[in-house]
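The numbering of the sequence shown is UniProt numbering, which starts it at 1 and goes up by one.
Mixed in with the good hints, there may be bad ones.
Have a look at the derived ranges for each label pair, beta carbon to beta carbon [what the hints assert, rightly or not]: (1) 253 <-> 156: 47 to 57 Å; (2) 25 <-> 126: 49 to 59 Å; (3) 295 <-> 163: 45 to 55 Å.
Result set (BS3-like, lysine-lysine): computed pairs, CA atoms no more than 27 Å apart in a straight line [to be verified]: (4) 287 <-> 300; (5) 174 <-> 186; (6) 217 <-> 295; (7) 241 <-> 300; (8) 133 <-> 123; (9) 210 <-> 194; (10) 186 <-> 278; (11) 287 <-> 342; (12) 81 <-> 125; (13) 278 <-> 342.
Keep in mind that the hints were calculated from the coordinates and are not lab data. Every residue gets a Cβ at the ideal spot worked out from N, C-alpha and C, and that includes glycine.
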Amino acid sequence: MMQKLRKLFISSFKWRLLINITLSYLVAFLIYSILGIIFDRIIPIAVPNEMRYALCYAISFIVFVEIFFKLIDFTIEYIRKLRRSIQQVTSGNYGVQCEVEYDDELGSLAANINVLSKTLLAKEKESEKLKEKERAALDIERNAERQKNELITNVAHDLRTPLTTIVGYLELIKDDTALSKEDVHKYSGIAYEKSIRLQEMMDDLFEFTKLDNADIKLNKSMINLSGLIMQMTDEFYPSFKDCNITPIVDLPEENIYVQGDGQLLARVFDNLISNALKYGYHNTDLKIEVSGDEKYAIVKVINHGDTIASEDIPLLFNKFYRTDSSRNSKTGGTGLGLAITKNIVDLHHGDISVTSDDQITTFIVKFNRYFDQN
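Turn these sequences into a full structure, and let the hints guide you.
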């Protein structure tokens, strides 16, 4: 109650100090007066008046000092609290808050300490966020540098084999004049096949780097996904026949539309069907399902082949990743096809995933569905 009254009526430190002095003086004066009455009337003694007055003054002064110190102790203790708070702030503890007990200069000081503490705490959090962003940017830069080095290493590794083969056979044709026309034709044919593979690798690499560029522009239009799948299936008819694979296309009754770059979307399904033909079992079927719900257009490419290990599935879309390097060399893969596919799907804000179990592998592609308003 006293604290509330003090806070209500005392709005300045100097006035509070003046009141403390006044109260102490009034009590001391009251003691002085009482002592004077006692000495004069109740217990008169044979002591000179000067000594009586001096004794009364001394006792009154002691009472004044004692009462004043008692009253000022509250303020001194509050100042000590403020000092401790300042020490905590200067030591880096920006979460400290002072209780504003007075509505005067000391209360204003406490409020300013609180504001300073909150400001420093906000600056500290902002600094931490900036440091986190700098660390993230540095990680991105390091990752980009690592990916660039990996790209150079992988390209050099993948180009070395066909180049070595081409150079070797051409040197053989050039240096060995005793070769028959049949041998020359055979060796030049091998060199030609390797050069075609080299060209395919360079084309894939060029396309991957182009799609990896954030500034690439998409020529978007409304694409009939059902029609696109039928077109891609027809184009692969000779390959299906060579592998003795039966294509099964499951289309919904209604057409499924998406907004996208038709050429790039065709490349997505070209890569997925090519991948299924390369790594799928012959004398089986390859199923392509097209469906849609209220939000997504969904395409599934399902083939029969070796089950992909669960630990390999998250890595399938990494550039140059191969689950089986020897198998890859036989099939002629560059290790970039699925990485290109993933980049195209990402550019269209879609999603691609894989499941593989019991020698059945399913690639699932999702795009935002577009509903024709006509």
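Next on the checklist: Holds or violated: residue 241 and residue 300, Cα atoms, limit 27 Å.
Outcome noted: Distance of about 21 Å is within 27 Å: holds.
Checklist entry - Within 27 Å, alpha carbon to alpha carbon, are residue 287 and residue 300? => result Given that 27 Å is the threshold and the Cα spacing comes to 8 Å, the pair holds.
Item to check | Straight-line alpha-carbon gap residue 217 to residue 295, limit 27 Å | outcome: At roughly 24 Å apart (the allowed maximum being 27 Å), residue 295 and residue 217 satisfy the hint.
Checklist entry - Going straight from one Cα to the other, do residue 186 and residue 278 come out at no more than 27 Å? => result Distance of about 25 Å is within 27 Å: holds.
Item to check | 27 Å limit on alpha-carbon distance, applied to hinted pair residue 174 and residue 186 | outcome: holds (14 Å)
Checklist entry - Holds or violated: are the alpha carbons of residue 278 and residue 342 at most 27 Å from each other? => result holds (18 Å)
Checklist entry - Quick one, are residue 210 and residue 194 close enough, alpha carbons at most 27 Å? => result Within the cut-off at roughly 24 Å; holds.
Checklist entry - Is it true that the CA of residue 133 sits at most 27 Å from the CA of residue 123? => result holds (15 Å)
Checklist entry - Does the Cβ pair residue 253, residue 156 satisfy 47 to 57 Å? => result holds (51 Å)
Next on the checklist: Holds or violated: the 49 to 59 Å window for the beta-carbon distance between residue 25 and residue 126?
Outcome noted: holds (53 Å)
Item to check | Hinted pair residue 81 and residue 125, Cα distance within 27 Å | outcome: holds (26 Å)
Next on the checklist: For residue 287 and residue 342, compute the direct alpha-carbon distance and say whether it is at most 27 Å.
Outcome noted: holds (20 Å)
Checked against the numbered hints given earlier, the structure satisfies every one of them.
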